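J.: Sequence:
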Amino acid sequence: MIYDVVVVGGGVAGLMAAIEAKTDTNKVAIITKGNIFKSNSAMASGGINAVLNPEDKEAIQAHIEDTYRSSKGLGNRKNITYMCKRSSAIISKLINYKVPFQRDDKGNIAQRAFGGAGINRTCYVGDKTGGAITQALIKKAKSLGIKFLVNTYVLNIIKDENKVCGVVALRRLDSTVLVYPAKAVVLAGGGYAGIYRGNSTNAQDYTGDLLALALRAGLTLSDMEFVQFHPTGIAKTNYLVTEAARGEGAYLVNSDGERFINELETRDKIAKAILEQQNKGQKVYLDLRHIKLEDIQKKLPSLYTMAFNQVGIDISKELLQIKPVAHYTMGGVVSNMTQTEIDALFVCGEMAANGIHGANRLGGNSLLEATVFGELAGQKALEYSKKHDFSTIDYNFVIKDILNIDKIFAGETSKNFNAIRVSLGNCMFKDVGILRTKESLVKAFDYIKYLRNQSYSLHCINKERRNNVELISILELRNALEVSEAVILAAKKRKESRGAHHRDDYKETKEKYEKHILVKEIKKGFFKIELEEKNLLNDIRGFFINKH
Numbered sequence: 001m002i003y004d005v006v007v008v009g010g011g012v013a014g015l016m017a018a019i020e021a022k023t024d025t026n027k028v029a030i031i032t033k034g035n036i037f038k039s040n041s042a043m044a045s046g047g048i049n050a051v052l053n054p055e056d057k058e059a060i061q062a063h064i065e066d067t068y069r070s071s072k073g074l075g076n077r078k079n080i081t082y083m084c085k086r087s088s089a090i091i092s093k094l095i096n097y098k099v100p101f102q103r104d105d106k107g108n109i110a111q112r113a114f115g116g117a118g119i120n121r122t123c124y125v126g127d128k129t130g131g132a133i134t135q136a137l138i139k140k141a142k143s144l145g146i147k148f149l150v151n152t153y154v155l156n157i158i159k160d161e162n163k164v165c166g167v168v169a170l171r172r173l174d175s176t177v178l179v180y181p182a183k184a185v186v187l188a189g190g191g192y193a194g195i196y197r198g199n200s201t202n203a204q205d206y207t208g209d210l211l212a213l214a215l216r217a218g219l220t221l222s223d224m225e226f227v228q229f230h231p232t233g234i235a236k237t238n239y240l241v242t243e244a245a246r247g248e249g250a251y252l253v254n255s256d257g258e259r260f261i262n263e264l265e266t267r268d269k270i271a272k273a274i275l276e277q278q279n280k281g282q283k284v285y286l287d288l289r290h291i292k293l294e295d296i297q298k299k300l301p302s303l304y305t306m307a308f309n310q311v312g313i314d315i316s317k318e319l320l321q322i323k324p325v326a327h328y329t330m331g332g333v334v335s336n337m338t339q340t341e342i343d344a345l346f347v348c349g350e351m352a353a354n355g356i357h358g359a360n361r362l363g364g365n366s367l368l369e370a371t372v373f374g375e376l377a378g379q380k381a382l383e384y385s386k387k388h389d390f391s392t393i394d395y396n397f398v399i400k401d402i403l404n405i406d407k408i409f410a411g412e413t414s415k416n417f418n419a420i421r422v423s424l425g426n427c428m429f430k431d432v433g434i435l436r437t438k439e440s441l442v443k444a445f446d447y448i449k450y451l452r453n454q455s456y457s458l459h460c461i462n463k464e465r466r467n468n469v470e471l472i473s474i475l476e477l478r479n480a481l482e483v484s485e486a487v488i489l490a491a492k493k494r495k496e497s498r499g500a501h502h503r504d505d506y507k508e509t510k511e512k513y514e515k516h517i518l519v520k521e522i523k524k525g526f527f528k529i530e531l532e533e534k535n536l537l538n539d540i541r542g543f544f545i546n547k548h
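Going left to right, the sequence shown walks through residues 1 to 548 as the numbering used here numbers them.
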């Protein structure tokens, strides 16, 4: 089947893109490697930032300033301004799509405070905002006739010179390699915090697959060193304790019952403070005991239920032990308002480096960024598809993917790839985590390089091609290792501390590093890492936006 627009990724950004790209006469498909309800967007619990009155210029400017301040000098003011000004229209659109936002006693949309903001601007649906938005968008997409290609794992994009022609994908049902030609493609596959397996709120299969795909396609990545560690994951399970808990008044206390930081500080500062407490031998807890049970059950129902089900804690009466966990990644594909360096290829959501988050994301901005730029990516893909026809596909590229899959099935292995994935996650958290040094980064790079070499000798023990989970695990591991190398090299290049990137051997923020670090994979395993020349990215982006 051929499509006018193919969207890869079924989170909020991908769904918004597909909805905007669909007309009564064209064909649009969403490809997801799992089921349609599984995405990081669906797990986003806290809320979505917005200034609801589009005429309130002072409040909009405050949102812009909070977002830019959180970016630590690496945000793009033009793009941030676009997002913040678009927020009220996005909320209206989501309401039209039947998202049941919480209302106050007067029937107005309720808003609460999030870390890094001094005012209430976060709209929410209890503590399951992302899930509510995702479900509403799925229903809207289905009503428009958008095709969902589920359990389909995208391997690579196909190019004709510098224009995308479609995608090569693996149908998980029978391990068949398929081609989906398209006039335009939108990549919305999420971030790469899953490479910190065992120390992340992300599921283990969120391994940055499309970032690895982007590297293989010759695209430039930016800001890969910036990984946001959410301060509050349940210590035993990594389950995300929404920032809304602190927004509703929860305290952070150590083993001595002492509060040690302002709970509404930015995430990077809180995560670092918690780690410092842990390094002193203290345990850290979330304390909600002073909040009324009825308020907890009304505003934090999922947290109340999950804390009891997972660790047997009644948060209205007991302390909940927490720890920092890898949660969100600021790095991604260089883009200018969703346009990449390749014609007909657009990018949005967490995998896009669009200048919104810079060195550190402001809480409540991820769902807003995903909806705003997902909407824009869909509009641009639709516009492109109307003006251009399908391109010729060189099936020699497809044959390479087929042969690679056959090779993974054909050989034998004595290595445990699940053990390798766990080892990767532990290495990344320990040596490329909240605190980093040259020594830890060199150690991590050497180990990841060794693991990457080992990954090419992995083969399926189970040779059955139907629903073979081993095959997908091996492909995900290879992608995770490729992305991990990019993260480590960018972190090593940035010899300072800024935002979510903390170097114990370079604790100061330096003006010379108020630039993006760019990563390209010249050939397999060989990367080019460079500090952007001033205005280089703007020149590149300007060229591509003006070209279209």
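None of these hints come from the bench; they were simulated from the model. It is possible that some hints are incorrect.
As the list claims (entries may be wrong) - Taking lysine-lysine and the BS3-like style, the derived pairs with C-alpha atoms no more than 27 Å apart in a straight line are:
(1) 387 <-> 443
(2) 269 <-> 523
(3) 387 <-> 27
(4) 159 <-> 512
(5) 163 <-> 98
(6) 400 <-> 430
(7) 528 <-> 507
(8) 528 <-> 510
(9) 512 <-> 524
(10) 85 <-> 27
(11) 400 <-> 523
(12) 272 <-> 524
(13) 493 <-> 443
(14) 523 <-> 507
(15) 430 <-> 415
(16) 98 <-> 269
(17) 507 <-> 438
(18) 515 <-> 415
(19) 298 <-> 38
(20) 524 <-> 493
(21) 443 <-> 463
(22) 430 <-> 78
(23) 520 <-> 493
(24) 523 <-> 159
(25) 507 <-> 159
(26) 159 <-> 98
(27) 493 <-> 515
(28) 280 <-> 128
(29) 443 <-> 507
(30) 520 <-> 280
(31) 317 <-> 430
(32) 520 <-> 430
(33) 524 <-> 283
(34) 430 <-> 292
(35) 449 <-> 528
(36) 386 <-> 438
(37) 510 <-> 163
Said to hold, decoys possible - Have a look at the derived ranges for each label pair, beta carbon to beta carbon:
(38) 388 <-> 412: 42 to 50 Å
(39) 388 <-> 259: 54 to 62 Å
(40) 396 <-> 203: 41 to 49 Å
None of the values given here were measured: they were computed from a predicted structure. Backbone N, C-alpha and C fix where the C-beta goes; we use that ideal spot for every residue, glycine too.
J.: Each hint should be assessed against the structure and marked as holding or not.
T.: Verification of the supplied hints:
Proximity of residue 387 to residue 443 is assessed by CA-CA distance (about 50 Å); at most 27 Å being required, the pair is judged violated. Between residue 269 and residue 523 the alpha-carbon distance is near 37 Å, which puts this suggested pair outside the 27 Å criterion. At roughly 15 Å between alpha-carbon atoms, residue 387 and residue 27 fall within 27 Å of each other, so this suggested pair holds. For the suggested pair residue 159 and residue 512, the alpha carbons sit about 37 Å apart, so the restraint of at most 27 Å is broken.
Between residue 163 and residue 98 the CA atoms are separated by roughly 37 Å; this puts the pair beyond 27 Å, and the hint is violated. Pair hint residue 400 plus residue 430 does not hold up; C-alpha atoms about 36 Å apart against a cutoff of 27 Å. In summary, the hint linking residue 528 to residue 507 is supported, as the alpha carbons are separated by about 25 Å, within the 27 Å threshold. Using a Cα cut-off of 27 Å, the hinted pair residue 528 and residue 510 holds, with the two alpha carbons roughly 22 Å apart.
Distance check on the hinted pair: residue 512 and residue 524 sit about 30 Å apart at the alpha-carbon level, beyond 27 Å; violated. A C-alpha spacing of about 31 Å is found between residue 85 and residue 27, which places the hinted pair above 27 Å, so the restraint is violated. Taking the CA atoms of residue 400 and residue 523, the gap is about 16 Å. The hint holds against a cut of 27 Å. The hinted pair formed by residue 272 and residue 524 fails the criterion: a straight-line CA distance of about 35 Å is larger than 27 Å.
Taking the CA atoms of residue 493 and residue 443, the gap is about 15 Å. The hint holds against a cut of 27 Å. For the proposed pair residue 523 and residue 507, the alpha carbon gap of about 33 Å is over 27 Å, so the pair is violated. Pair hint residue 430 plus residue 415 holds up; C-alpha atoms about 23 Å apart against a cutoff of 27 Å. Of the pairs offered as hints, the one joining residue 98 and residue 269 is violated, with about 36 Å between alpha carbons and a cut-off of 27 Å exceeded.
Simply put, residue 507 and residue 438 have alpha-carbon atoms about 12 Å apart, close enough for the 27 Å limit, and the pair holds. Simply put, residue 515 and residue 415 have alpha-carbon atoms about 41 Å apart, too far for the 27 Å limit, and the pair is violated. The hinted pair formed by residue 298 and residue 38 meets the criterion: a straight-line CA distance of about 25 Å does not exceed 27 Å. Taking the CA atoms of residue 524 and residue 493, the gap is about 20 Å. The hint holds against a cut of 27 Å.
Restraint check for residue 443 and residue 463: not satisfied, since their Cα atoms lie roughly 35 Å apart, outside the 27 Å limit. Under the criterion of a C-alpha separation no larger than 27 Å, the hint pairing residue 430 with residue 78 is inconsistent with the structure, at around 36 Å. Note on residue 520 and residue 493: the hinted pairing holds, with a Cα-Cα distance of about 14 Å set against a maximum of 27 Å. Taken as a hint, the residue 523 and residue 159 pair is honoured in the structure, with Cα atoms around 17 Å apart against an allowance of 27 Å.
Straight-line distance between C-alpha atoms of residue 507 and residue 159 comes to about 43 Å, which puts the hinted pair past the 27 Å bound. For the given pair, residue 159 sits about 38 Å from residue 98 by alpha-carbon distance, which is inconsistent with the 27 Å threshold. As the CA atoms of residue 493 and residue 515 are separated by approximately 12 Å, the hinted pair is consistent with the 27 Å bound. For a cut-off of 27 Å, the pair hint linking residue 280 to residue 128 is broken: about 34 Å separates their Cα positions.
Taken as a hint, the residue 443 and residue 507 pair is honoured in the structure, with Cα atoms around 20 Å apart against an allowance of 27 Å. Taking the CA atoms of residue 520 and residue 280, the gap is near 39 Å; set against the 27 Å cutoff, the hint is violated. Only pairs whose Cα atoms come within 27 Å are accepted, and residue 317 paired with residue 430 is rejected, the gap being roughly 33 Å. Taking the CA atoms of residue 520 and residue 430, the gap is about 25 Å. The hint holds against a cut of 27 Å.
Our distance criterion of 27 Å between C-alpha atoms is broken by residue 524 and residue 283, whose separation comes to about 43 Å. Pair hint residue 430 plus residue 292 does not hold up; C-alpha atoms about 38 Å apart against a cutoff of 27 Å. Restraint check for residue 449 and residue 528: satisfied, since their Cα atoms lie roughly 16 Å apart, inside the 27 Å limit. For the proposed pair residue 386 and residue 438, the alpha carbon gap of about 50 Å is over 27 Å, so the pair is violated.
Distance check on the hinted pair: residue 510 and residue 163 sit about 39 Å apart at the alpha-carbon level, beyond 27 Å; violated. At roughly 46 Å, the beta-carbon separation of residue 388 and residue 412 lies within the given 42 to 50 Å, and the hint holds. At roughly 58 Å, the beta carbons of residue 388 and residue 259 sit within the given window of 54 to 62 Å. A hinted range of 41 to 49 Å is violated for the C-beta pair residue 396 and residue 203, which are about 34 Å apart.
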